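Starting from the known structure of chain R, arrange chain E on it as the hints suggest.
The listed protein sequences correspond, in order, to chains R and E. Counting with the working numbering, you get residues 533 to 856 for the letters of the first sequence. Counting with the working numbering, you get residues 755 to 1015 for the letters of the second sequence.
Since the hints were made in silico from the structure, they are not lab data. Predicted model only: the values in this text are computed from it and were never measured. For every residue, glycine included, the Cβ atom is placed at its ideal position computed from N, Cα and C. Some hints here could point you the wrong way.
What the hints assert, rightly or not - Examples of chain E residues toward chain R, derived with CB under 7 Å:
hint, residue
1, Ile813
2, Arg815
3, Ser867
4, Ala871
5, Arg875
6, Arg885
7, Leu887
8, Tyr893
9, Pro899
10, Val915
As the list claims (entries may be wrong) - Restraint-style ranges between C-beta atoms, simulated for each label pair:
hint, chain 1, residue 1, chain 2, residue 2, range
11, E, Ser866, R, Gly723, 46 to 54 Å
12, R, Gln851, E, Ser866, 15 to 23 Å
13, R, Glu562, E, Asp861, 24 to 32 Å
14, R, Asp718, E, Asp888, 51 to 59 Å
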Amino acid sequence: MAPARKTTRPTAQAARQSAEAPAAPLPKMESPIVPHQSIGGRALVAVVAIMTFLAALTTGAVMLVRMNAADWQAEVLREVTIQIRPVDGQVTAAAVTQAAAIARGFAGVSEVRPLSQEESGRLLEPWLGSGLSLDELPVPRVIVVKLAPGAAVDIAGLREALAAKVPGASVDDHRGWIDRMRAIADFVMIGGIIVLGLVIAATILSVNFATRGAMAANRPVIEVLHFIGAQDRFIAGQFQRHFLWLGLKGGAIGGAAAIVLFALIRPVEALIRGNAGAEQFAALFGSITLGFNGYLVILAQIVVIAAVASEASRRTVNQTIAAI
Amino acid sequence: MPDQLGRLLVAGGRWEKRRIGLARPGKTRKVVDWAGANRSAGVVRFENVGLRYGMGQEILRDLTFRIEPNSFQFLTGPSGAGKTSLLKLLFLSLKPTRGLITLFGRDTSTLSSDNLAALRRRIGIVFQDFRLLDHMTTYENVALPFRIMGRDERSYRNEVVELLQWVGLGDRMWALPPVLSGGEKQRAAIARAVVARPHLLLADEPTGNVDPGLGKRLLHLFQELNKSGTSIVIATHDIALMDQFDARRLVLHGGRLHLYD
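With the rest of the complex left out, here is chain R:
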């Protein structure tokens, strides 16, 4: 406030000069109603980013387990093993040839490959050592039978035919392994879904609390808007938009980090291919690629988490107004 000065009535000339003077730039309404830069807002973005990242990792892991378990089961189901045990009075090599011929005669069988003696010897190396002559031992021979994808092969018929014509032959369709693998995969899946549910619940709660924390700093804004006559939905809308944007920002950061991580796994896998550890890893986990659906689910999570932040802000505004 400038000190009071004697008021002088401007002359007409002065008024004209004033009117002709270049107009000073007028101020503009540029600031948002809800302050954008605040410690609470930045903390909320960080919380949303971290929780989205964790939720996306968990989702990705669950989806990978599900996809690989299904692939592995399908792979094993497409293979049947015929085992020919040595029987007195029977030439094992002839029995192998006969059994292979019987297997080839069944519809849906795409490939029949008897393992050579050398291959059988390699299978036994871990137990019997190298340089062993199998001719001296009554070692069973193995025939690998590949089934055409989607074909319904009569395994029971094959089993009966072999039992009738090739003594010492048995068929292993890996059913026991499949059932155990399925049980393990289901267990892992259920565990993963429970962990995912917990992570998503923790995400929603932490985003909710972080939003309320950030909102607490904005209480004066809500009060002023309320007292100058802003309608409740106007105030809630302002905050909802602001916190939706913060949620999307945090979610995009966390989700993008998870997507980059999943996208990098395949190139890294290619880089270390040949390494014994990498081979074991690939054998155990198969392909680590999320695919389109996986990325779509992560994007959906970003939107859901941002919506949670937005809804939490709306509820907090309404509670604040009610408290005022």
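Relative to chain R, chain E alone:
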């Protein structure tokens, strides 16, 4: 401020011409009779209003009074007498424990939140602690009532600028509240309260943070607003301020209201 106000009056600023009706000395002052202000009901009507916080004793008891259109009154009383609580009842921040409050002819106990918001737009409030939004410029703070109405900025920009010039903040329009002095904040808060032409202006200790000279100038501003048709209620215990202007006094004492017309 008086000289700035005077300059504006003489120059005939648009805001001044429309709002105050004093733009052309010598002409009959045109006092706006606010549409919607039900004269028979008064601007405010309290009937046997009581207020208590929680289970405590009543801090306001049996308040019965009216605030007429175009009236000017001081609300006074010792500290803790309930002046701020009464102001909160007046701007619908509190609901009475008992009794009837009518604002602009509407019973406030039956209003929806949208209708309450609409009523609040007809009331200008000057808070003791100003309550300016620190992230907004002085201009944006003062223009806020228009913004919440959803009005196009071009329709009110000149009006806000002229009002800011009128209250002596023409060169502080871009400043943020944290860098304003106490007096500047006070004037910005007053400008925000009056910019939307309220029918009722409530001011809580509007001169509490300023020197006597500025307090006198602010009182002059309120008088000018009153002449234009706004009912004014100033809560203060500044006796010297009240002695400068012969107006009705609402005195709160012991939870009861005594009227001195």
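Where does the structure disagree with the numbered hints, that is, which hint numbers, in rising order?
-> Result: hints 1, 2, 13 break, sorted rising.
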